[in-house]
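First residue of the sequence shown: 1, per full-length UniProt numbering; consecutive thereafter.
All the pointers check out, no bait thrown in.
In silico DSS-like pairs for lysine-lysine, Cα to Cα no more than 25 Å straight-line:
hint: 1; residue 1: Lys171; residue 2: Lys289
hint: 2; residue 1: Lys204; residue 2: Lys220
hint: 3; residue 1: Lys289; residue 2: Lys143
hint: 4; residue 1: Lys335; residue 2: Lys316
hint: 5; residue 1: Lys171; residue 2: Lys88
hint: 6; residue 1: Lys289; residue 2: Lys88
hint: 7; residue 1: Lys335; residue 2: Lys171
hint: 8; residue 1: Lys121; residue 2: Lys335
hint: 9; residue 1: Lys171; residue 2: Lys316
hint: 10; residue 1: Lys88; residue 2: Lys121
hint: 11; residue 1: Lys121; residue 2: Lys256
hint: 12; residue 1: Lys171; residue 2: Lys141
hint: 13; residue 1: Lys141; residue 2: Lys289
hint: 14; residue 1: Lys289; residue 2: Lys121
hint: 15; residue 1: Lys219; residue 2: Lys204
hint: 16; residue 1: Lys256; residue 2: Lys220
hint: 17; residue 1: Lys256; residue 2: Lys219
hint: 18; residue 1: Lys335; residue 2: Lys88
hint: 19; residue 1: Lys256; residue 2: Lys204
hint: 20; residue 1: Lys143; residue 2: Lys171
hint: 21; residue 1: Lys121; residue 2: Lys171
hint: 22; residue 1: Lys141; residue 2: Lys335
Hints listed in this document are in silico derivations from the structure and should not be mistaken for laboratory results.
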Amino acid sequence: MSDRHQLADSDARSGVSDVEAGEPVREKAPRRRRGRRIALIVLLVMVLLAGGGALAGGLYYRSVDKSIERVDAFEGVPEESRPQVEVKGAMNIMILGSDSRDPESTGGSRSDTIILAHLPKDRSSAQLISIPRDTWTAVPKSKEGRGGRDAKINAAYAWGGVPLMVQTVEKFSGVRVDNVAMVDFAGFKEIIDALGGVEIDVEKGFTTNYSLIGTRTFKKGRQTMDGAAALDYARERHAFPDGDFARIRHQQQVIKAILDKAASGGVMTNPAKLNSFVRATSNSVAVDKSLSLVDLAMEMRGLRSGNLTFFTCPVKGTGRVGSESVVFPDPARAKTLFDAVRRDSVPEILAVSGK
Numbered sequence: 001m002s003d004r005h006q007l008a009d010s011d012a013r014s015g016v017s018d019v020e021a022g023e024p025v026r027e028k029a030p031r032r033r034r035g036r037r038i039a040l041i042v043l044l045v046m047v048l049l050a051g052g053g054a055l056a057g058g059l060y061y062r063s064v065d066k067s068i069e070r071v072d073a074f075e076g077v078p079e080e081s082r083p084q085v086e087v088k089g090a091m092n093i094m095i096l097g098s099d100s101r102d103p104e105s106t107g108g109s110r111s112d113t114i115i116l117a118h119l120p121k122d123r124s125s126a127q128l129i130s131i132p133r134d135t136w137t138a139v140p141k142s143k144e145g146r147g148g149r150d151a152k153i154n155a156a157y158a159w160g161g162v163p164l165m166v167q168t169v170e171k172f173s174g175v176r177v178d179n180v181a182m183v184d185f186a187g188f189k190e191i192i193d194a195l196g197g198v199e200i201d202v203e204k205g206f207t208t209n210y211s212l213i214g215t216r217t218f219k220k221g222r223q224t225m226d227g228a229a230a231l232d233y234a235r236e237r238h239a240f241p242d243g244d245f246a247r248i249r250h251q252q253q254v255i256k257a258i259l260d261k262a263a264s265g266g267v268m269t270n271p272a273k274l275n276s277f278v279r280a281t282s283n284s285v286a287v288d289k290s291l292s293l294v295d296l297a298m299e300m301r302g303l304r305s306g307n308l309t310f311f312t313c314p315v316k317g318t319g320r321v322g323s324e325s326v327v328f329p330d331p332a333r334a335k336t337l338f339d340a341v342r343r344d345s346v347p348e349i350l351a352v353s354g355k
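Starting from the given sequences, assemble the full structure and let the hints guide the process.
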């Protein structure tokens, strides 16, 4: 079977159902509050808003921070097995994403999107590294006894929740995870509609059969998308030879477009719109217990979407392990990349990524 068909086969399945053969399946987690759905967007947009000076008064911003939902991301993670901090002041945030309203979604406990966001010590930029969900790697054993073997990386979330994802990503990358944020990409619809739509440059025309409205056709070229269209665009993978890698690129496009619109669409200069936007989304954030959005926003007040770089962890290609279609990482290139992240060397990170 060719790599192209192997990847399509992999993409057609749930990431969890493929990896859970022979392992007990966790009960479906209780439905998270709707607010958790746009955690990443709110996290980044609020950083932009603080940088624009529109959030007048620390008391207002801190009242927003207090309403944010917290998760215990590091419970039971053994300190002795974690990577050491090499550059004090640099920060690495693991962002976990799913899409609970995806028409294809049948799994409960899974993480379809894994991003390691590196914030340099000088906070002048940010590098967001997507790790494909089907990446074949070693998953440590959870406290419940699940895992302890090679599997797709997103199996860790099914077997041990956020703490096991932290352990797995740290083992895979050798990079210490300082903080965690969670997002449901279905929340893109609400935030994009609140912004009045976003501009997306479609690389190749295609038709998706997995839209909530049935089918939707996208023409090549730059266009304005409402929330529903942007969500369909970010979800589609079957229409592309590289499947999930195309979906990763499109998710990155949508994130950048949201940040561009938030910075330039009048949100920061219109007090009524700003207050409505922030209040409507303040309880959308779910982060670990130690992350202060107040401090992060103040530190990164100069950040704009032009300072963000998105790329994907180096891979060799796709293949099969037993009955599973998987993505094989490129160990040498991945090691070079993550070594640069550990040393907070932004030029080297960009050189490895080809940016």
